[in-house]
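Full structure from sequences and hints, please.
Using this note's numbering, read the sequence shown as starting at 32 and increasing by one per residue.
Simulated from the structure, these hints should not be mistaken for laboratory data. Be careful, since some hints might not be right.
Here are the computed distance ranges between Cβ atoms for each label pair [stated by the list, open to error]:
{"#": "1", "residue 1": "A84", "residue 2": "N49", "range": "15 to 23 Å"}
{"#": "2", "residue 1": "A86", "residue 2": "D65", "range": "18 to 26 Å"}
{"#": "3", "residue 1": "E90", "residue 2": "A48", "range": "36 to 44 Å"}
{"#": "4", "residue 1": "E90", "residue 2": "M47", "range": "31 to 39 Å"}
{"#": "5", "residue 1": "E90", "residue 2": "D65", "range": "29 to 37 Å"}
{"#": "6", "residue 1": "T42", "residue 2": "E79", "range": "14 to 22 Å"}
{"#": "7", "residue 1": "I66", "residue 2": "R43", "range": "32 to 40 Å"}
{"#": "8", "residue 1": "D65", "residue 2": "P87", "range": "31 to 39 Å"}
For glycine and all other residues, C-beta sits at the position ideal for the given N, C-alpha and C.
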Amino acid sequence: MEAYLHTLQPTRATAMANQQCVVCGCHAGWFKDDISAKEYTISGLCQECQDEAFAPCEEDEEEDQCNEQDWRADR
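Structural data, given as structure tokens:
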């Protein structure tokens, strides 16, 4: 699995070894909870990038990108 992830993002292992974020390159040494720390081991995202990536959609984006119920209803 680690080898596969390296092919997708070769800098991931290096960034994580240096406690850096794979997206912004900032120090990734603190997390607001255990779940966020665990997410870092999976994605390599620092707390700030996690907050941005997993933030709820804005109201104007909600209909286009975030309406999972409509998406699931089509299945």
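> For this structure, which hints from the list above don't hold up?
Replying inline: Result: hints 7, 8 break, sorted rising.
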